[in-house]
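Using the sequences provided together with the hints, build the complete structure.
Protein sequences, first through last, are from chains A and B. Quick note: the first sequence uses our numbering, first residue 16, plus one each step. Quick note: the second sequence uses our numbering, first residue 706, plus one each step.
Keep in mind the hints are simulated off the structure, nothing from the lab. Quick caveat, the model's predicted, so the values are computed rather than measured. It cannot be assumed that every hint is accurate.
Calculated cross-link-like contacts (lysine to aspartate or glutamate; reagent style EDC-like; alpha-carbon spacing at most 20 Å) [as the list claims (entries may be wrong)]:
1) B:Lys795 with A:Asp422
2) B:Lys782 with B:Glu831
3) A:Lys271 with A:Glu303
4) A:Lys421 with B:Glu908
5) A:Lys421 with B:Asp862
6) B:Lys782 with A:Glu368
7) A:Lys421 with B:Glu792
8) A:Lys421 with B:Asp802
9) B:Lys782 with A:Asp375
10) B:Lys795 with A:Glu427
11) A:Lys198 with A:Asp136
12) B:Lys782 with A:Glu427
13) B:Lys782 with A:Asp422
Listed below, chain by chain, are the residues.
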Amino acid sequence: MIHPRLHATAFAVSLALLSTGQRVQAQGNSELQTWLEAGALTTSRSGSLPLNALALTPGARYANNRMTASANGSAWLGGQQVQLGNAVAALEAFTPLLYGVRAELMANASRLFQDPLVQNDQLDAEGRLHLMRQRGGVWLGSGVARPLRVAAVSNVNVSSGGIWTRLGPATLRGSVTSFFFTKVASRTDTLENAAVCPAHFVAPSNPGANIMSSTDQSVSTGCRQQSRLTDVEGTVHWEHRLMEVTVRGGQRFGDKLDVTSESRQWASAQAAIWITSQLAAVAGGGHEPAQPTRGLPARSFGSLGLMLAYWPIPRGIVPVETPASLVHAFEIRPAGTSLQRLTARIGGVETVEIMGDFTDWAPIPLIRRGRDLWELLVPLNAGVHQINLRIDGGQWIAPPGVPTLKDGFNGEVGVLVVRQ
Amino acid sequence: MMVPSLRRVVLSSLVLLSAAAAAAAAQDTTSRVRELDPLARLSEGARYQVELLLDSAKVSGLPTTPLESKALEGIAKRADGRRIVAEVRKVFRSLRDARAALGPSASTDELNAAAGALRMGITPAELAHLVKTRHEKQLTVPLVVLSDLITRGVPRDTASQTILSLWQRGAADDDFLGLWRGVERDIVSGTAPGVALLNRAREIPSRGPPPAAPPASSARPDRSENSNP
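Structural data, given as structure tokens:
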């Protein structure tokens, strides 16, 4: 998703104004994407001054069959100062599928900057076993996160499991994630007077042991508490023609000392509607739970904006292969008498063409409708038709999701069965 | 001195302009000819042979559209003229064999699908087995699925016997398309193509024996009436 996601703490509303994105290269089975987002935002929190800033977020993502690497960062310009904002570097590696199962390894390094008072870093790694089928899958995973510059938190053990499935244009995902960590509280009060650990906290026998490195003296003399949280979350992502909607909801289980009432349940929604092929309206809002391991409080947020997408033509690149995996969906539906609507979801490409016996094998370009939706009305009578698809002037391929035949010219054609 | 020089320049310009205009007109005419006659893009020799095959198809009572389509497909894919002629010839032969196996009442779609299956290695005898239990049902979808399964690596005999078995158990078009989707999914997930087909085929319930053939007085035309010489 190349669009602004500007969350504001507490009761803020943020505005995102501009975002640009482009695919630089797609060759063979690898792809490199770069993008640049720009926006203005306002955040506010009880007890602190509102922060108005301009945010600039460059990003890049490289993917091939075995791994995905991505990085993005943001710079906030507020007043006269430039401040490094959120930043993430992520690496995912996959093994080949063996009987439908693959192993996945994910590692991230991230920096969180919510406002000058809430900022920290985290390293985390997780391994997963993922049973995958065409329309769904199940995974189990385990990992560890190491927060830095968060004085009150030790290593975080993370266990997760989930299930996902595709139902038509919707993708449903459910997950259970358990966090286990040690919380550290200061034994001195705000006036630097010695304080007694609360009854539910345990004073360390060896102060400083098992505590994250920190220069904060209060930590080494803190009280420790083992905390366990379990998040159950469901997500529905629905794409239909020019609209993309994502709805999330969840419930957090845990001791009331670890889970505040405002983090027990959460829900949020985001939507993007493509007005033209290069302009979309985006809106979102909802409530997010606290992230105790990152010192981030629960917050409500709202966002509203316009996204301008720029899809430049790659220069100096001669596609040598069109991986069918670029085509995320290919559908054909009746659209009136003798007409069929062909739609394909192909992201990050410049041109999509089809040809077939119904065009006398003359290429016809599909029309872009939004970020990755391509569409064309074609006259197709009932019967069997042959079709080929071409992306960015590459090789002619058979579209996915239809039977195929060898074409006799070192390629394949798709076979469409159009019923009356 | 200026006048002859200027005259030469003007004359040269006129000659160049005329040549350019003539070339543009020729180009335009060529484009129009190609629009009206797409086979014009073939070399003279290749075109002659394709036209011979088209004539043979007409004489044999075979549809010519699949042959023309294959030639245009080859042109669009920038195939060599000889390759195009060879492929058109293959289509012609497979259509002829398909007609022999399916009989004269077969629709163009059935003929095309059967011709495709023959080109994938299915034998006319195997086609004839399918026809025996046809009972008014269209063979198009089972044959399309059969060809695809072989393309995806299912052993020819396994594919042929499985499709024939399902056909005899009364499987419908939706069953075959569902079977195809399931097999495709399993292959993508790493299952061997032949195993995937056998596993998925077991999931399709028997629909019972096909309906009895209608009496001779039904609207269905008698095959002998349509048979070609």
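Going down the list of hints, with the structure as the test:
1. B:Lys795 with A:Asp422: holds (11 Å)
2. B:Lys782 with B:Glu831: violated (32 Å)
3. A:Lys271 with A:Glu303: At roughly 18 Å apart (the allowed maximum being 20 Å), Glu303 (chain A) and Lys271 (chain A) satisfy the hint.
4. A:Lys421 with B:Glu908: violated (28 Å)
5. A:Lys421 with B:Asp862: holds (18 Å)
6. B:Lys782 with A:Glu368: holds (13 Å)
7. A:Lys421 with B:Glu792: holds (11 Å)
8. A:Lys421 with B:Asp802: Holds, at roughly 19 Å.
9. B:Lys782 with A:Asp375: holds (12 Å)
10. B:Lys795 with A:Glu427: holds (16 Å)
11. A:Lys198 with A:Asp136: holds (17 Å)
12. B:Lys782 with A:Glu427: Since the Cα atoms of Lys782 (chain B) and Glu427 (chain A) sit roughly 11 Å apart, the hinted pair holds (cutoff 20 Å).
13. B:Lys782 with A:Asp422: Roughly 10 Å between the alpha carbons, so the hint for Lys782 (chain B) and Asp422 (chain A) holds.
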